[in-house]
Amino acid sequence: MNCQEFEEIVVEAARGRSAEGGLPAGGLAHAETCADCAARLAGQRALSAGLRALAGSMAEQQAPGRVESALRSAFRGQTALPGRKPAGTRRWYGWAALAAACLILGVVTVGRVLSGPRAPQARPRPAVPAERPGRAVLAEARPAPAPPKLRRQEQSSRAAARRTVRRVRQPLGGEEQEAEFVPLLYGSAPTPLDGGQVVRLRLPPSALAALGLPVNMSRTEAVQADVLFAEDGMARAIRFLR
Amino acid sequence: MTEPGGAQDDELLWLMMNGDEEAFAALYRRWQGGIYRFALQMSGSPSAAEDVTQEVFLTLMRDARNYDPGRGSLGAYLYGIARNQVLRWLERGRADVPLSGAPEDGEEAGLPASADNPLGDLTRQETVEAVRRAVLALPPHYREAVVLCDLEEMDYAAAAEVLECSVGTVRSRLHRARGLLLEKLRVSAEKEASLRKLNPARCLI
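In the order they appear, the protein sequences are chains A and B. For the first sequence, our numbering gives the first residue as 1, with consecutive numbering after it. For the second sequence, our numbering gives the first residue as 1, with consecutive numbering after it.
Chain A on its own, in the form it takes in the complex (with noise of 0.2 Å):
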């Protein structure tokens, strides 16, 4: 064994690492001739040794028992959170809202097209106040506040906005009859609403029969329907203007 072959296992065998668990017999007898080599061993050994001492006397050394009362007391708040769920429920939740957001983005878009070139006639409507829960809530339509860009339209033209506050405050005996919504449930019961936007639209009998409606498919004429919205933009409920 030459002093670069010597070298090369010197570390282990000093950490007591290596195959023959120290210095084999080739490296025993190299570092009997050569000094230097003999220097290194006793060197590396004594560094393990200092470094036994070194993590010995760190060995019981832990961390103080408040750590441990610290973190159960944050495992307990995060436990006791309201609202959370396993992450597979979540994932379920958002897929189901997003299949439900594209149905509706999708009647309306099949809607739009077939009432031809007249743009939906969109217009602030009641929001629902959370008192009640199911259809006697949906039933109970209030006026709720425009989104920026209708009140924009409504400033822009004085009499359209007055026409379509009377509108909305004479919801029947008007020119129009309005019916009572109708709730559109995706699988859930119907829950009170926080809140909304009614929108009305000129919908194609297919797009009724879409939303699970029945409809007289002979007839080809859009219908024109109020189509409640909840703040999470989803369609909750629908009624039909006669």
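Keep in mind that the hints are not guaranteed to be accurate.
[To be verified] So, partial list: chain B residues that the calculated Cβ filter (under 8 Å) puts toward chain A:
no.: 1; residue: Leu12
no.: 2; residue: Leu15
no.: 3; residue: Tyr28
no.: 4; residue: Thr53
no.: 5; residue: Arg124
no.: 6; residue: Val128
no.: 7; residue: Leu180
[What the hints assert, rightly or not] Straight-line Cα separation of at most 20 Å, SDA-like style, residue types lysine to any residue; simulated pairs:
no.: 8; chain 1: B; residue 1: Lys184; chain 2: B; residue 2: Ser194
no.: 9; chain 1: B; residue 1: Lys191; chain 2: B; residue 2: Glu129
no.: 10; chain 1: B; residue 1: Lys184; chain 2: A; residue 2: Ala42
no.: 11; chain 1: B; residue 1: Lys184; chain 2: B; residue 2: Glu126
no.: 12; chain 1: B; residue 1: Lys184; chain 2: B; residue 2: Pro140
no.: 13; chain 1: B; residue 1: Lys191; chain 2: B; residue 2: Gln125
no.: 14; chain 1: B; residue 1: Lys184; chain 2: B; residue 2: Leu138
no.: 15; chain 1: B; residue 1: Lys191; chain 2: B; residue 2: Leu138
no.: 16; chain 1: B; residue 1: Lys191; chain 2: B; residue 2: Ala137
no.: 17; chain 1: B; residue 1: Lys184; chain 2: A; residue 2: Arg15
no.: 18; chain 1: B; residue 1: Lys191; chain 2: B; residue 2: Arg133
no.: 19; chain 1: B; residue 1: Lys184; chain 2: A; residue 2: Ala49
no.: 20; chain 1: B; residue 1: Lys184; chain 2: A; residue 2: Asp36
no.: 21; chain 1: B; residue 1: Lys191; chain 2: B; residue 2: His175
no.: 22; chain 1: B; residue 1: Lys184; chain 2: B; residue 2: Gln125
no.: 23; chain 1: B; residue 1: Lys184; chain 2: A; residue 2: Ala39
no.: 24; chain 1: B; residue 1: Lys184; chain 2: B; residue 2: Ser172
no.: 25; chain 1: B; residue 1: Lys184; chain 2: B; residue 2: Gly44
no.: 26; chain 1: B; residue 1: Lys184; chain 2: B; residue 2: Tyr156
no.: 27; chain 1: B; residue 1: Lys184; chain 2: A; residue 2: Glu180
no.: 28; chain 1: B; residue 1: Lys184; chain 2: A; residue 2: Ser48
no.: 29; chain 1: B; residue 1: Lys191; chain 2: B; residue 2: Gly179
no.: 30; chain 1: B; residue 1: Lys184; chain 2: A; residue 2: Asn2
no.: 31; chain 1: B; residue 1: Lys191; chain 2: B; residue 2: Glu126
No lab work stands behind these hints, which were simulated from the structure alone. A virtual CB, placed ideally from N, CA and C, is assigned to each residue, including glycine.
Given chain A's structure and the hints, the job is docking chain B onto it.
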């Protein structure tokens, strides 16, 4: 790595993720000692080690889903978080003065003295302090190799998982680190020896 009950870690983790506080406590007690010592040996600061330990287990609590058993053991994952925390702490330049413990009663005799052994003339306590100071003076990437392989007695493969590098890199870093440690210990031993040779001046007034 000396992994206590590796097969049970996954089970405890699963229970913990389902809200079992005792499972979390069991994981904490199983790993906190090594994590705390690693942070202490890397930083030299008990308060930093305490913060790092707390942060490691808070991260486990919050982001346990990020742990992928396919990429390594839970121990390697926890040590990896601790390492990142410690390196961040070191980057902020908050390294404290190395700890110096009080001498213990009945100190053992020092290591056998020789011309090539810089620790030969020191008592055990002095040896521990000298080695501790030398380890803390190493650059961080050499220090972590010494702390994991020589102080925490991890094998190269486990250390490589924690350090996110190859086994060969761990090995070469450890060899280089030990060479640096010997140099530092030799220099400090020479300084000590020259100080001892100085005769104290007498104050005549």
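Quick one, are Lys191/B and Glu129/B close enough, alpha carbons at most 20 Å? With Cα atoms ~15 Å apart, Lys191/B and Glu129/B stay inside 20 Å; holds.
Between Lys191/B and Arg133/B, is the straight-line Cα distance small enough, at 20 Å or below? 14 Å, holds
Please verify whether Lys184/B and Gln125/B have alpha carbons no more than 20 Å apart. Roughly 18 Å separates the two Cα atoms, so the pair holds.
What's the verdict on Lys191/B and Glu126/B, does the C-alpha distance respect the 20 Å limit or exceed it? 14 Å, holds
Would you check the hint for Lys184/B and Ala49/A, treating anything up to 20 Å between C-alpha atoms as holding? 16 Å, holds
Interface hint for Val128/B, Cβ within 8 Å of any Cβ on chain A: 5 Å, holds
For the restraint on Leu15/B, tell me whether the closest CB of chain A is nearer than 8 Å. 12 Å, violated
Just to be careful: measuring from the Cβ of Leu12/B to every Cβ in chain A, is the smallest value less than 8 Å? Cβ of Leu12/B sits 13 Å from chain A, so the hint is violated.
Proposed proximity, Ser194/B with Lys184/B (alpha carbon, max 20 Å): 16 Å, holds
So if I understand the rule, the pair passes when the alpha-carbon distance is 20 Å or less; does Lys184/B with Ala42/A pass? At roughly 16 Å apart (the allowed maximum being 20 Å), Ala42/A and Lys184/B satisfy the hint.
Verify the proposed pairing of Lys184/B with Glu180/A, using a straight-line Cα cut of 20 Å. Given that 20 Å is the threshold and the Cα spacing comes to 87 Å, the pair is violated.
Hint consistency between Lys191/B and Leu138/B [alpha-carbon to alpha-carbon, up to 20 Å]: Measuring from Cα to Cα gives roughly 18 Å; hence the hint holds.
Checked against the numbered hints given earlier, the structure breaks hints 1, 2, 7, 21, 26, 27 and 30 and satisfies all the rest.
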